[in-house]
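K.L.:
All chains should be modelled from the sequences, with the hints used to inform the complete structure.
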Amino acid sequence: MKILIDNAEVECKEGDLLIEVMLKNALEIPHFCYQEDLGADGNCRMCMVEIKGQKRPQIACNTFVKENLEVSTISENIKEVKRSILELELLNHPVDCAICDQAGECKLQDYYMDFGLYDSHLSTPKTKKGKHIDLGSNVMLDQERCVLCTRCVRFTSNITKTNELGIIGRGDNSRVAVAPGHELNNPYAMNVVELCPVGALTSKDFRFKQRVWFLDSTKSICHGCSRGCNIYIDYNETKYSAEKVHRFRARRNNKINKSFLCDYGRLSYKELNENFNADVSHVKDLKELLKDEKKLALVSPSMSLQQLQAVKSFCKDNSVELFSLPYIDENFGDEWLKTNDMSANFNGVKELGINYDEDEFGVSLQEAHVVINFDHKYLKNRELKSKKVVHFTTSHVDSDYELIFVIADFAHDSGTIINCDGIRQDFYATKYESQNSRLVDILEELK
Amino acid sequence: MGIKVVHRHGNTFKEKMYISAIFSGMKTTLKHFSTNLKDATQIPTVCYPDEKPTDITPRYRGVHRLTHRKEDNSIACVACFMCATACPSNCIDIVAMAREDGLDEKMPKVFNIDLLECVFCGYCVEACPCDAIRMDSGIYSVVGETREEFIYDKEKLLSIKGISKEEYSLAK
Ligand code: SF4
Ligand code: SF4
Ligand code: SF4
Ligand code: SF4
Ligand code: FES
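Those protein sequence lines, which keep their order, are chains A and V.
So that you can map any letter, position 52 of the first sequence is 52 in this note's numbering, and since no number is skipped, the others follow by simple counting.
So that you can map any letter, position 104 of the second sequence is 551 in this note's numbering, and since no number is skipped, the others follow by simple counting.
Quick caveat, the hints were computed from the structure, so don't treat them as lab data.
Hints may be right or wrong, so weigh each one.
Computed list of lysine-lysine pairs in DSSO-like fashion (alpha-carbon distance at most 27 Å, straight line) [claimed, not checked]:
1) Lys239(A) / Lys601(V)
2) Lys239(A) / Lys291(A)
3) Lys128(A) / Lys619(V)
4) Lys316(A) / Lys387(A)
5) Lys556(V) / Lys474(V)
6) Lys619(V) / Lys107(A)
7) Lys107(A) / Lys553(V)
8) Lys244(A) / Lys553(V)
P.N.:
Next up, the structure:
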């Protein structure tokens, strides 16, 4: 079935939501309260469109498409409607973009530049509300900047079902708040920062660190657990500061994480900024060690398929016994995104047929003279008496080991991992060259 | 787009001879020469650095300064990075931090301008929404022996006084 939007034909199915059809086709449709994974609420009226045959403008987030629908989003009439709604929305807004972290990715800024551009008609003082209120869980609230779209409220009531947030007061005085004496407290709380279309909810963790227009983004996958939530790594390198990852943002994937991330995963970017500061070893010294008879290797189950494959063939060529053990934490998982298996690619380990039997590993470890650790947390900073230990590591380890090689972490090395549901996903390297070599390259050199 | 045809000058015989143009040029030169010969005090040339210029106005783009707020003489800058974004030589280094005094939420922890890289274009002043950075210091000469001396930090920039009558930030 086809409908007409601004005189262009658009393909859709009977009964689809008009706003979804438009967003799917990358058509411009301003909206605050509608969000793909929270659904429509119909409170902001920003998504008004003109529909042929209907006297008054309609909201696109509550219009279902049917045969012969003709929609206009650009007529003078509808532009005027949107302008007035936006003015109303912004009436008491403090316009403090200069100190607002959302500036640069703020819907109010975008829409004002697109079709606002009016002068304020307000002659009385603006209504004052609370600013920089610490809600808990790294979330800061500025009630004056809020457009009352209720996305955050709906997230806590419909998705996490923890109901911390609500809207109190009437008219000009309405504001988002937590109940007195309570705080925002759930393992997914920081999602409200990303859901908020304006700067009313900002992250205490990211607060004032960077202006968003200085950031680059790379598509990646969270390595926090086996769910494999899709993320953007936001990072940059400036003239006066070295490369640094500043935040993870959710990248929408309908099959896995929708638009959400858990707070643990969201904050796990910090590991990527840990600097390694010790001397690295020479490849030829490792060749020397490989002459020993009893060798064992343990590979991290968070490595990509490409890395695992390279490790596997390295071990085969040098007759090293190879193991991988999953990172299990019985207290981490929940019914939604988080899983007890905190390794990113344990399914990949299984697919490549790498031995993950813990008992067998224990026996082999007793006997081995040389232990090669491919970034597995279990052997990191663990004392192994009377054994020669070789570390391939992405982060800092105490340097009293036989040999240490620093390898590029997942932000600097692209690859593929398989999540807990068997979905294969690619992640990509940021645009800056890593100071550390990729594991695959080092192993290539050893051949 | 419309095209405007501009006729070429200098095609007449008189113009091609150049002689008349040379003479009219020489006339101007000689006129100034004789005036200056009669009264040397009127010569606009300044023997810098023995003589200092006297015509530096507040509009002159001198060394930057950071302004203060009228209420309590605190820093006006809110670390919005607009100046650093506009700067074509990328010579402003800002690190922001939360401001705790209740007057505002954000201020710079570090605010450095590398005057050796600055091209004194004034874009930073234009970009600032808080009238926090100005070039009305009237300082036209900076000397130093090391490169580091030319990096002006927050304290230094705040200590520079302006020569315009508006000393404080005019932002509301
Ligand atoms: S705080 Fe943000 S998400 Fe929540 S209602 Fe206000 S604008 Fe919407
Ligand atoms: S649920 Fe797992 S994969 Fe998703 S964000 Fe959290 S730690 Fe990362
Ligand atoms: S004057 Fe121009 S070059 Fe100098 S700091 Fe300002 S914007 Fe940058
Ligand atoms: S000087 Fe002005 S433009 Fe630059 S950061 Fe401060 S307030 Fe922003
Ligand atoms: S998006 Fe349709 S009313 Fe808010």
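K.L.:
All hints, please: hold or fail.
P.N.:
Checked hints:
| no. | hint | result |
| --- | --- | --- |
| 1 | Lys239(A) / Lys601(V) | holds, 18 Å |
| 2 | Lys239(A) / Lys291(A) | violated, 46 Å |
| 3 | Lys128(A) / Lys619(V) | holds, 16 Å |
| 4 | Lys316(A) / Lys387(A) | holds, 21 Å |
| 5 | Lys556(V) / Lys474(V) | violated, 61 Å |
| 6 | Lys619(V) / Lys107(A) | holds, 25 Å |
| 7 | Lys107(A) / Lys553(V) | holds, 22 Å |
| 8 | Lys244(A) / Lys553(V) | holds, 22 Å |
Checked against the numbered hints listed earlier, the structure breaks hints 2, 5; every other hint is satisfied.
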